[in-house]
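Asker: Sequence:
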Amino acid sequence: MAPTRLGLDEKAEAALSYLLGVITSWIFPFPINIILVPVAGIIFLILEPENYFVRFHAAQWTLAAITFIILTLALPSLWILWSLLRLIVVIIGIIKSLQGELYKFPFIGDLAEQFIKPPPPPPPP
5 MAPTRLGLDE KAEAALSYLL GVITSWIFPF PINIILVPVA GIIFLILEPE NYFVRFHAAQ
65 WTLAAITFII LTLALPSLWI LWSLLRLIVV IIGIIKSLQG ELYKFPFIGD LAEQFIKPPP
125 PPPPP
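Here the numbering used here is used: the first residue of the sequence shown is 5, the next is one more, and so on.
Worth flagging that the hints you see were computed from the coordinates, not collected in a lab. Watch out, some of these pointers could steer you wrong.
Said to hold, decoys possible - Here are the simulated lysine to aspartate or glutamate pairs, DMTMM-like style, with alpha carbons at most 20 Å apart:
{"no.": "1", "residue 1": "Lys15", "residue 2": "Glu54"}
{"no.": "2", "residue 1": "Lys100", "residue 2": "Glu117"}
{"no.": "3", "residue 1": "Lys100", "residue 2": "Asp114"}
{"no.": "4", "residue 1": "Lys121", "residue 2": "Glu54"}
{"no.": "5", "residue 1": "Lys15", "residue 2": "Glu117"}
{"no.": "6", "residue 1": "Lys15", "residue 2": "Glu105"}
{"no.": "7", "residue 1": "Lys121", "residue 2": "Glu105"}
{"no.": "8", "residue 1": "Lys100", "residue 2": "Asp13"}
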């Protein structure tokens with residue numbers, strides 16, 4: 005696994021982008037929590053310019069969080085459903101990150117991949 009600038013294991017750092025995002029939604033009151041939910045992913049995108057694994061999971065969480073914000077604002081009567089789906093995304097994201105897997109959520113994973121550009125293939129021996 006590639007090193008990180010923060011000195012953490014890259015799997016733990018990728019998992020933190022999901023975990024910190026959901027924790028901020030529980031700590032801060034509405035409407036501040038809506039603004040802060042994607043911030044954890046954005047912070048890891050800024051702090052880890054070279055680590056593809058961390059950047060992918062951070063971008064995926066950021067896009068998922070923004071999607072859930074839009075869904076909640078567009079259909080507030082379904083906020084319980086959006087909250088449950090967000091929790092499922094966070095749990096899956098944390099588990100897959102800690103397993104070292106580049107798990108892509110439908111639609112959002114492809115967007116995250118396009119957003120951060122995959123690393124170049126290793127040179128031939």
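Asker: Run the structure past the numbered hints and jot down the numbers of the failing ones, going up.
Answerer: Checked against the structure, no hint fails, so every one of them is satisfied.
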